[in-house]
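Asks: Starting from the known structure of chain A, fit chain B onto it as the hints suggest.
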Amino acid sequence: MKDMGQGFVTPDGRRIGGPVMEVKNITLRFGGVTALSDISFDIREGEVRAIIGPNGAGKSSMLNVINGFYHPQEGEVWFRGAKRGPMKPHQIAHQGIARTFQNIALFKGMSTLDNIMSGRLTKMKASMFSQAYWFGAAEREETEHREAVERIIDFLEIQAIRKTPVGRLPYGLQKRVELGRALAAEPSLLLLDEPMAGMNVEEKEDMSRFILDVNDEFGTTIALIEHDMGVVMDISDRVVVLDYGRKIGDGPPDEVRNDQAVIDAYLGVPHE
Amino acid sequence: MGDHVAPPEALDTLPKILDWNATARAGLPASREKAFGIWQSFTWADVREEARAFALGLLNLGLAPGDRVAIVGENRPRLYWAMAASQMCGAVPVPVYQDSVAEEMQYVLDHAGARFAVVENQEQVDKLLSVKDRLPALERMIYVEPRGLRRYDHERLHAFGEVQARGRAGADRAEELDALIASAKGADTCVMLYTSGTTGKPKGVVLSHDNILSAARSSSVFDDLCAADSVLAYLPMAWVGDFIFSMGQAYVCGFSVACPESAETMLSDLKEIGPTYFFAPPRVFENLLTSVMIRMEDAGTLKKWLFRVFMDHAKRVGPDILDGKPVGFMDRLKYRLGDLLVYGPLKNTLGMSRVRLGYTAGEAIGPEIFQFYRALGVNLKQLYGQTEASVFITMQPNGEVRADTVGVPSPGVELRIDEKGEVWYRSPGVFVEYYKQPEKTAETKDPEGWVATGDAGFIEEGTGHLRIIDRAKDVGKMADGSLFAPKFIENKLKFFPDILEAVVFGAGREMCCAFVNIDLGSVGNWAERNNIAYASYTELAQHPRVYETIRAHVEAVNRSLAEDPMLAGGQIHRFVVLHKQLDADDGELTRTQKVRRTIIADRYAPIIEALYSGAKEIFAETEVTYEDGRKGKISATLRIEDAAVVPAQRRAAA
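Line by line, the protein sequences give chains A and B.
Using this note's numbering, the letters of the first sequence correspond one by one to residues 1 to 272.
Using this note's numbering, the letters of the second sequence correspond one by one to residues 273 to 926.
One chain only, chain A, in its complex shape (with noise of 0.2 Å):
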């Protein structure tokens, strides 16, 4: 990987660019309890950036910092080089970041298409009136939208649960519908929680390429966070390592693999 200015190019030949995101000196404390203290990391341009760690090393508190939901007592977060005050959650969504959840957040009882649309909500325009009556704008829109949709669907190869309620699909798939719904909203940063949790090899192997496949189709970059070391160094570009709140590693996957820190914090130390 070589650092041209501002960006780098990939071994497989993608361009990442400059940051898109930056943290700085982030400390977060919930009470007496301090979740993060003192990090600091940058997200690229068009990059898949994974944040790791043992269980209760701050990840998904970071990653609700990067997503505005928690406001840190310490430290700023730049996105696009401007300084990001606290923000609604809605404000967030019209800044072009999309998440998915550790716990699926999906309305169970609606369609994989309706669930899907529901994403599109940021960019619906017509009025609450043409929508509850379905008339000119509302309807042009509506068609424009399942369009977008249909090609999410037909992206996620979910044909075949296009009209079934969600709450009665497997996990695995519940999952793949929730990145649906963050793609709809078409962000240019999309922060995944732990997307794989609870995955078996072959579901895994699955998302792993629908992650590739969203970052080298539409560029979008992509956060996540996850806990199966082997599925991270295969598909990201960069890992950011905490460990008890803290930033213990950062770098390509093969130089946070053999870092004596990060393997410590996983396998853990001997006690003298």
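For the record, the hints were derived by calculation from the structure and aren't laboratory data.
None of these values were measured; they are calculated from a predicted model.
Glycine included, each C-beta is placed from N, C-alpha and C at the ideal position.
Be a bit skeptical, because a hint or two may be false.
Claimed, not checked - Pulled from the structure, derived: some chain B residues nowhere near chain A, Cβ distances all over 12 Å:
#1 W292
#2 L594
#3 H845
Said to hold, decoys possible - Only pairs whose alpha carbons sit at most 25 Å apart, straight line, appear in this in silico BS3-like list of lysine-lysine:
#4 K473(B) / K866(B)
#5 K163(A) / K619(B)
#6 K692(B) / K745(B)
#7 K399(B) / K204(A)
#8 K163(A) / K543(B)
#9 K473(B) / K399(B)
#10 K692(B) / K866(B)
#11 K619(B) / K543(B)
#12 K123(A) / K108(A)
To be verified - If you want the footprint, here are the derived chain B segments under chain A, 3+ residues with CB under 8 Å:
#13 418-426
#14 528-542
Replies: Same frame as chain A, now just chain B:
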């Protein structure tokens, strides 16, 4: 322009017929495909334009007459167009099973010497790239679905659209293409299909345009197919049936071929498209029926009652109404009512509302399953065919449909049964040769053009229907010289849901005896309903009332065997219900659940001896292997019972 106007006989290749269709049937739909959730149609004029553009692109890339073009993927209109385009260029399409692993694919492509491969997606591209070192002849790959392939080296890899764009840009070669189409003859190779080959390596069956067109033309007339028909192409493109239905017959009749969105959406696509002409192996019909029955179990009391009452009625009169036989007015009225309340909605759910012609083939279909669909008013028929025959050997004419025959010889087919009982045929559809295997060709096809099917069967007196008994190599003789067809009898037994597996002995013996395995699900359920307590499989198997049931089944099989003088000798005199299930872990079955006769005969020799010695019971001890590899023993005293046999009778002339 009527629906039944066929292209002139003088058009002797598929590309010539496509040209004719593009004018005579210009506006009629030819292919359908679901793109982004909406069905898209292509007319015959569109298909010709698309295929021509692709053909010109292939010429531009250097495809030459006589080259082989591998086609790998699930049913997609573009892959069908690619086959037509190859034929336009005088090249030979070779559809390959898309689910085969890289090694199998490598064998076929290498044997066929394919220079080009048109594949569906990244998965297939990856597969072929992984074996490209062993495919020296393969020069170019063209893919339909670009997803994930953007970063691949495109020196010898092309997108389908890009090849078409090349073709459209280089339209100056159109005259050359027209000349190639015009110079092709009916004797030229139309397609090469590799048979899956249960024994040894697959063989490339070479079929000419004459083969395909004569089979397609005569079968279309036989079943009155027309341009208004439609099919769903969901069976593998490498299978001869799909080629005949989706290319041969579709071109000749001008009907439309819809491709499912994906393999998983097949059932909902079936419902949306509502084909009029439907083909499925017995397994598919069985699964559909099972899913209906399971859903009926969960239905409310009223629905269950309606279903039971009207299905009973349908089973009684439905098939006769379908065959146009006389049925009483009240029965007809009740059937109409049933159609409104039960059959119609059910057929709609199954996607068979519009099916006016359904075929099943490949293996024996259970009579209840067969009758179920016919009772609903679905004209399900059986045919018997082979790749080597361009499918059709025999078919059932309307009005003469039965579960136990495969029909009368298709138009133009001659049948012959040799002294060993093996079925031979000769027809215009008979294949040219096995590609690059003259000795194999000679083994299968004699100099006069007769082809051995490898199946034993006989032609029923009176009706002229062919009945297939078994694979020829499995058929033996009993001591008195009468025919012994174990698989045929076993299948008859296995059609009873209570019987999971059966093994019949009798080769070289005076009489037939049988081992029976009960189906724990079905018999266990029955025991529960009848308050019969049992502690183990062995105990249930030996229960006197289970024996009663099984004896009734065996005797029913005997009665049906007695109806055929040729098979009457195979009636089962004595039987035993085994104390354990035959299991692949014990080597008694193959991994595909086929019985291994010799191993079973060896392991259970004392029981067989007892069957023939006239003993009333036998103590048996059998070693079993558990799933984790440990071994144990099961022992039990088994009852041996006699079953009534019926003297052979002549079937009354039909």
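Asks: All the hints need checking, so say for each whether the structure fits it.
Replies: Going down the list of hints, with the structure as the test:
1. W292: It holds; W292(B) is separated from chain A by about 35 Å at its closest Cβ, greater than 12 Å.
2. L594: holds (33 Å)
3. H845: holds (51 Å)
4. K473(B) / K866(B): With a Cα-Cα distance of about 21 Å, the restraint between K473(B) and K866(B) holds, given a limit of 25 Å.
5. K163(A) / K619(B): holds (21 Å)
6. K692(B) / K745(B): holds (10 Å)
7. K399(B) / K204(A): holds (20 Å)
8. K163(A) / K543(B): Holds, because 14 Å separates the two Cα atoms, which is no more than 25 Å.
9. K473(B) / K399(B): Distance ~19 Å between K473(B) and K399(B) Cα, so the pair holds.
10. K692(B) / K866(B): holds (24 Å)
11. K619(B) / K543(B): holds (9 Å)
12. K123(A) / K108(A): Given that 25 Å is the threshold and the Cα spacing comes to 23 Å, the pair holds.
13. 418-426: With 4 residues closer than 8 Å to chain A, the region 418-426 of chain B meets the three-residue bar; holds.
14. 528-542: Our answer is that it holds, as 5 residues pass the Cβ test (under 8 Å) against chain A, meeting three.
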